[in-house]
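Protein chains: 2
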Amino acid sequence: MSPLKINYPKGQRFSRDLNNRSNQKQSKKPFNYSNRGMSLEEDINLTNKQYLADNLAVIHKKPTPIQVVKVDYPKRSAAKITEAYYRRSSTTDYNGVYRGYHLDFEAKETKNKTSFPLNNFHEHQIEHMKKTSEHGGICFALISFSSLNKIFLIHSDFLFHWWDQQFEKHGRKSIPLKEIEKRNHLLSYSYNPRIPYLEVVDQLIEQIEILD
Amino acid sequence: MSPLKINYPKGQRFSRDLNNRSNQKQSKKPFNYSNRGMSLEEDINLTNKQYLADNLAVIHKKPTPIQVVKVDYPKRSAAKITEAYYRRSSTTDYNGVYRGYHLDFEAKETKNKTSFPLNNFHEHQIEHMKKTSEHGGICFALISFSSLNKIFLIHSDFLFHWWDQQFEKHGRKSIPLKEIEKRNHLLSYSYNPRIPYLEVVDQLIEQIEILD
Chain A
57 MSPLKINYPK GQRFSRDLNN RSNQKQSKKP FNYSNRGMSL EEDINLTNKQ YLADNLAVIH
117 KKPTPIQVVK VDYPKRSAAK ITEAYYRRSS TTDYNGVYRG YHLDFEAKET KNKTSFPLNN
177 FHEHQIEHMK KTSEHGGICF ALISFSSLNK IFLIHSDFLF HWWDQQFEKH GRKSIPLKEI
237 EKRNHLLSYS YNPRIPYLEV VDQLIEQIEI LD
Chain B
57 MSPLKINYPK GQRFSRDLNN RSNQKQSKKP FNYSNRGMSL EEDINLTNKQ YLADNLAVIH
117 KKPTPIQVVK VDYPKRSAAK ITEAYYRRSS TTDYNGVYRG YHLDFEAKET KNKTSFPLNN
177 FHEHQIEHMK KTSEHGGICF ALISFSSLNK IFLIHSDFLF HWWDQQFEKH GRKSIPLKEI
237 EKRNHLLSYS YNPRIPYLEV VDQLIEQIEI LD
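Each protein sequence line maps, in turn, to chains A and B.
Going by the numbering used here, the first sequence opens with residue 57, and the numbers climb by one from there.
Going by the numbering used here, the second sequence opens with residue 57, and the numbers climb by one from there.
For reference, chain A alone in the conformation it holds in the complex (with noise of 0.2 angstroms):
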């Protein structure tokens, strides 16, 4: 299974040309949250603030979905929330639009330092992923080794393959850094912006032309 390979709908091509490339320089440092004091979501919002800045692509993180149970309306002041819940998300946590492609990703943590624990995902993420790529869509997830300093980007096929293979025989729960080391990539960090991971997208869509 390559990790480059990308199912989109039947007889749906895609021909784009690559002038409009990003052209993101950066220092190959290791990333290094324990230092910085930043989570990985702050990272990737600052990359999608510099991506936005430098009108390379238009990302956003969505909002946290919250179920409002009461709100007081004082006089004079702002509506007041006073009685609320967290919600699960029915989709993944970014999305937007890059060289006229959807991109769509979700980005997750984990201390492990030998492989990567399925249950981190939930399966309605996993299924809105499926669909979002049947449709043309790009999908991927960033994920952060954060013991190692390592941030990777898997494609969702390479997620897929995983997701699936767990409800098998003998399935796994976890996939093994070495196999995410050997079908993926491996982000570097810059300062501006913090995770370049458009530059491994300029790849997916390189692939995706090429087979059109």
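FYI, nobody ran anything at the bench for these hints, they're computed from the structure.
Watch out, some of these pointers could steer you wrong.
Put simply, identical chains are the same to the list, so a pair is met inside one copy or across any two.
As the list claims (entries may be wrong) - Below, in silico cross-link-like pairs of lysine-lysine (DSBU-like), each with a Cα-Cα straight-line distance of 35 angstroms or less:
1) K136 - K167
2) K169 - K131
3) K118 - K136
4) K169 - K136
5) K206 - K118
6) K225 - K187
7) K117 - K229
8) K136 - K187
9) K186 - K238
10) K187 - K118
11) K187 - K169
12) K206 - K126
13) K167 - K225
14) K186 - K105
15) K117 - K167
16) K164 - K131
17) K187 - K164
18) K229 - K131
19) K169 - K229
The model shown is predicted, which means the values in this text are computed figures rather than measured ones.
Guided by the hints, dock chain B onto chain A, whose structure is given.
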């Protein structure tokens, strides 16, 4: 100005086939929110749910952004948010993927009968749609004239044109209904999907692919 002219990034080309087109049948009935007790948002959510069930498109409403200030963690029950405030979204409400295209849109309602007041939109929503169009997304607004039981799909280029003219000398603060009727698409109402807007998106895509 043609309502179907779509500005894509310089050199960006699209080429997709039409085999995947939806075949949505519906009875042509006028909208009537007053009688049905349904909101525009509820109807769009039901429509998107149906499109997802029919495996036609993956489109979701983004959750309302809420700033959480205080959370209680009671024993043996779910975290309870006890102080929070609504924040203004920096994007549009709906987005997703259809036939390989990134869709991005906003829904607005007016009780006016002769024009649509532009102050229903916020500057940042228009800016977001301009950026998204520039990167190859298909942007539009679903505008409901609730007193007339009419919903239009308004292409972003038409909206941008009217948005921008309001800042010119003698600029109008609203879009006359006559102009909307002349240059945009009146949506039909059906039981399921409620507001079959993808039929019009199919026309927009056809135009993109003809220009290609």
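Alpha-carbon proximity context of K186 and K238, limit 35 angstroms: within (23 angstroms within a copy, 40 angstroms between copies)
Within, between, both or neither: K186, K105 at alpha-carbon 35 angstroms: Classified as both: same-chain Cα gap 27 angstroms, cross-chain 16 angstroms, threshold 35 angstroms.
Alpha-carbon proximity context of K169 and K131, limit 35 angstroms: Classified as between; 32 angstroms across copies, 54 angstroms inside a copy.
Intra- versus inter-subunit Cα pairing at 35 angstroms for K169 with K229: Classified as within: same-chain Cα gap 15 angstroms, cross-chain 59 angstroms, threshold 35 angstroms.
Intra- versus inter-subunit Cα pairing at 35 angstroms for K118 with K136: both (22 angstroms within a copy, 21 angstroms between copies)
Intra- versus inter-copy proximity for K136 and K169 (alpha-carbon distance at most 35 angstroms): Answer is between: at 34 angstroms across copies they meet the 35 angstroms cutoff, but 43 angstroms inside does not.
Intra- versus inter-copy proximity for K167 and K136 (alpha-carbon distance at most 35 angstroms): So K136 and K167 pass the 35 angstroms test across copies only (28 angstroms; inside, 37 angstroms).
Copy assignment of K206 with K126, given that the CA separation must stay at most 35 angstroms: This pair counts as between: shortest inter-copy Cα distance 33 angstroms, intra-copy 42 angstroms.
K187 and K118: within-copy, between-copy, both or neither at 35 angstroms Cα: both (18 angstroms within a copy, 17 angstroms between copies)
Homomeric proximity label, K164 with K131: Cα distance no greater than 35 angstroms: Between copies only: 27 angstroms across chains, 42 angstroms inside a chain, cut-off 35 angstroms.
K229 and K131: within-copy, between-copy, both or neither at 35 angstroms Cα: between (54 angstroms within a copy, 30 angstroms between copies)
35 angstroms Cα threshold - placement of K167 relative to K117: both (23 angstroms within a copy, 33 angstroms between copies)
In summary, this structure violates none of the numbered hints.
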